[in-house]
Amino acid sequence: MMDSLGSFAVLLAVTACAYAFIAGIVAHRTGHPVLRETARRAGVTIFPTLSVAIACLWGLFLANEFSIAYVANHSNRDLPLLYKLTALWAGQEGSLLFWSWILSGYMFVVLVRHREEGELRPLAGAILAGVQLFFLILNAFVVSPFRPLAEVAADGTMRPFAPPDGRGLNPLLQYPEMALHPPTLYLGYVGFSVPFAFALAALITRSPGERWIHVTRRWTMIAWGFLSLGILMGAHWAYAVLGWGGYWAWDPVENASFMPWLTGTAFLHSVMMQERRGMLKVWNVWLVFITFLLCVFGTFLTRSGVVSSVHAFAQSPIGHWFAGFLLVVFAVCLFFFTRRRDYLRSEHRLEAVLSREASFLFNNLVLLAACFAVLWGTLFPVISEAITGNKVSVGPPFFNRVNIPIFLFLLLLTGVGPLLAWRRTSWESLKRNFTAPTLIGVATGVLLFAFGVREPYALIAFMLAAFVTVTIVSEFWRGARVIRSQTGRTWGQALAQLVLRNTRRYGGYIVHFGIVVVFVGIAGAAFNKEREMEMPMGATLELGRYAVTVKDRAQGETPNYIYDRLTLEVRRGDKVLTMLMPERRLYKASEQPLTKVMIHSGWREDLYIYFAGVTETGVPIIHAYLNPLVRWLWIGGGIVILGTLIALYPGRQPMKVAVSERAATREREVAYAKGD
Amino acid sequence: MSNPKVKFAIAIGILLGALAWLAVIGMQESKTYYITVAELKQMGESAREKRLRVGGRVVAGSIQREGRRVRFLLEQNDETVPVVYVGRDPVPDTFVDHAEALVEGRWGEDGVFHAQKLQAKCASKYEPAEGESPSASPGT
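Taken in order, these protein sequences are the chains called W and H. Start counting the first sequence at 1; every next residue gets the next number (my numbering). Start counting the second sequence at 1; every next residue gets the next number (my numbering).
Derived from the structure by calculation, the hints contain no laboratory data. Idealized CB from N, CA, C, for every residue including glycine. Check each hint, because a few of them may be wrong.
Now the stretches of chain H that chain W is said to cover, found in silico as 3 or more residues with beta-carbon under 8 Å [unchecked claim]:
(1) 16 to 27
(2) 37 to 43
(3) 80 to 91
What follows is a list of derived Cβ distance ranges for each label pair [to be verified]:
(4) W:571 x H:49: 42 to 50 Å
(5) W:452 x H:69: 31 to 39 Å
(6) H:50 x W:4: 50 to 58 Å
(7) H:48 x W:530: 23 to 31 Å
(8) W:332 x H:69: 49 to 57 Å
(9) H:59 x W:538: 33 to 41 Å
(10) H:61 x W:545: 40 to 48 Å
(11) H:79 x W:559: 40 to 48 Å
(12) W:112 x H:50: 52 to 60 Å
(13) W:443 x H:97: 56 to 64 Å
(14) W:619 x H:59: 20 to 28 Å
Restricting the straight-line Cα-Cα distance to at most 27 Å, the calculated cross-link-like pairs of lysine-lysine (DSS-like) are [stated by the list, open to error]:
(15) H:5 x W:391
(16) W:529 x H:31
(17) W:391 x H:41
(18) H:117 x W:529
(19) H:5 x W:431
(20) W:281 x H:7
(21) H:7 x W:529
(22) H:41 x W:281
(23) W:391 x H:7
(24) H:50 x W:431
(25) W:529 x W:551
(26) H:117 x W:596
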């Protein structure tokens, strides 16, 4: 019953979507207002319709309806309630339906809001419907999550079949964060469809003015924020669940989410060049296109099995559907780009190497280089097989070698870029802005070196972190001081007013600061230590400042799994810090083993305990890792999200046109100069 | 001030050149050849130099743990190869009889594959199997 309703809802959504797409395009060409409005309304209905389908699928999971293949493959009777709900996106069919649902939600918002965009919004709506149509066709006809199980009877006919229990959910996915990581990541991936639709619509209609760029930029920020959060939660999940002591392995699936993040970040910066100076229009429009293509490509990579990955939880033959879709989208982009080139003519040229424009240029260049390197490394098995016939892969050393210098350079630009003036910067202002940060950065390096830090990359990272932090703090301080001298408010009020006056600028600084903190957390990895030991009762493992002793061992079972649990006492010196209980589990329904990692997290370092196995004679083996500064990675990520939210909050000043903004910048420069 | 275009070209050239150089080094360091068990046996001496990646199925009952080392047989299309895992990371939980395993390492003089890396994926009732062909083994 629920499965029929769900299937029907998906079919209804396909119909509505096809109408929204076709009527939207016809309305765009003919300008027929009634047709345009019906296309909009058809588009709006997709979200509630798909919500019914999603509710049906959830209902099937809750009712343990194992006659449905998707439910039987991803759930079982004793699965906890939360994971019955998250099982919705545990496999391919459900993930794709979930993807469509999120896209329909974005579409709903776009079609209900953005009435003021003139002919831009209807066309963007039609483009979104086109994208949606592709996914809905997959949902309805290729990989439907509502497909019933069938078996071949003795007489050769097919008949429905319902096993007594399901196969259970992959134990790796039975972790609370799995309730949030896939939805946020998808909100990010799918979110980039909206800027894509607006950019393509603006290109097609030769949309005058900069209005579309504001809309696109804002939606990009939303998608970027979700994608950042999704990647961060994925890294945290890998750290807390997979048990190898790290959070990033340059796995193809991780890379797939990282590539659109890189190009999205590049766009968020280079779009300022277009807003202020009317430059880089071609570049920007392609950044939006490529980001969207990379999002689809990421799904393709995860789902098609083109590149093998331990994280590829589901693989199937829908790869060629995605390849075809990518080609069509690329062809459409290329077609309108060549037809509308004149629309994208640049208004200014670069004037000096020491200018804001140049810093954005380098920012974009290295972000794109990083993206290309990641793409190259990820696809290298495919490329090498096509060229030489040998399938060759490259591993983390390749990615780290290329990307670490790139990101250190980016970190430097994070500090330098925002303080350079548009067009050209004088040596005098350079001296004024950078003397203190440089001195403090160098002092940090000297100090750390004196304390025995010798890892070159980590040293550079910490120096740059200090440098950038000082530039950011001084920006807030200078701005707040100006407000204070004008209004006589307290520092707190002045800071708040400063941020609210230009949320985008100061939100951006907060994002930058968050990135600095993330770098500090990552740089800590240069000092990781690890040790593995056989640990009979009472044995003690020493690592860094910690001593870990086996106090107890218990074996037993719950409805969901069988476990083997150790109780470990963690001491530092004479002080008992905590008791950790790492556990090895065997999940009954899936017959899958899982090891529960235990982490004692601190500001300075994490003690990470993995119950690696048991010896022939039954003695537990413990693998312990000491990971410095990891907590700062998560905190930095939180700051990035906070900064994104602030930047999205509408500032008190309305969007200014290029000229007045530049004048304001100059005014502020003058004010600072006087203040000094 | 001379022509900024030239300056940009030089700066970009240096940047991309340095990155390309790093990329080449990184690739040489971590280049790994994917081969089948049958290919491994035919390669003989030339196989010893390279970093290799072989995928296959763990032969049931062949897993022997010797302290932290693990010895087992890897099977692919009826050809088997003995493997000893000598890597730093703990053996994954998913490494059990019949699991699909992916080993990365070198082909030793002793005719045993010395794996520094071991990945495994359960081939149990996990993958949907009704009517569909079993999923391709990773790496092939």
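Now for the hints, and whether the structure bears them out:
{"no.": "1", "hint": "16 to 27", "verdict": "holds (count 8)"}
{"no.": "2", "hint": "37 to 43", "verdict": "violated (count 0)"}
{"no.": "3", "hint": "80 to 91", "verdict": "holds (count 4)"}
{"no.": "4", "hint": "W:571 x H:49: 42 to 50 Å", "verdict": "holds, 48 Å"}
{"no.": "5", "hint": "W:452 x H:69: 31 to 39 Å", "verdict": "holds, 35 Å"}
{"no.": "6", "hint": "H:50 x W:4: 50 to 58 Å", "verdict": "holds, 56 Å"}
{"no.": "7", "hint": "H:48 x W:530: 23 to 31 Å", "verdict": "holds, 29 Å"}
{"no.": "8", "hint": "W:332 x H:69: 49 to 57 Å", "verdict": "holds, 55 Å"}
{"no.": "9", "hint": "H:59 x W:538: 33 to 41 Å", "verdict": "holds, 37 Å"}
{"no.": "10", "hint": "H:61 x W:545: 40 to 48 Å", "verdict": "holds, 44 Å"}
{"no.": "11", "hint": "H:79 x W:559: 40 to 48 Å", "verdict": "holds, 42 Å"}
{"no.": "12", "hint": "W:112 x H:50: 52 to 60 Å", "verdict": "holds, 59 Å"}
{"no.": "13", "hint": "W:443 x H:97: 56 to 64 Å", "verdict": "holds, 59 Å"}
{"no.": "14", "hint": "W:619 x H:59: 20 to 28 Å", "verdict": "holds, 26 Å"}
{"no.": "15", "hint": "H:5 x W:391", "verdict": "violated, 41 Å"}
{"no.": "16", "hint": "W:529 x H:31", "verdict": "holds, 26 Å"}
{"no.": "17", "hint": "W:391 x H:41", "verdict": "holds, 17 Å"}
{"no.": "18", "hint": "H:117 x W:529", "verdict": "holds, 19 Å"}
{"no.": "19", "hint": "H:5 x W:431", "verdict": "holds, 25 Å"}
{"no.": "20", "hint": "W:281 x H:7", "verdict": "holds, 22 Å"}
{"no.": "21", "hint": "H:7 x W:529", "verdict": "violated, 44 Å"}
{"no.": "22", "hint": "H:41 x W:281", "verdict": "violated, 56 Å"}
{"no.": "23", "hint": "W:391 x H:7", "verdict": "violated, 40 Å"}
{"no.": "24", "hint": "H:50 x W:431", "verdict": "violated, 52 Å"}
{"no.": "25", "hint": "W:529 x W:551", "verdict": "holds, 24 Å"}
{"no.": "26", "hint": "H:117 x W:596", "verdict": "holds, 21 Å"}
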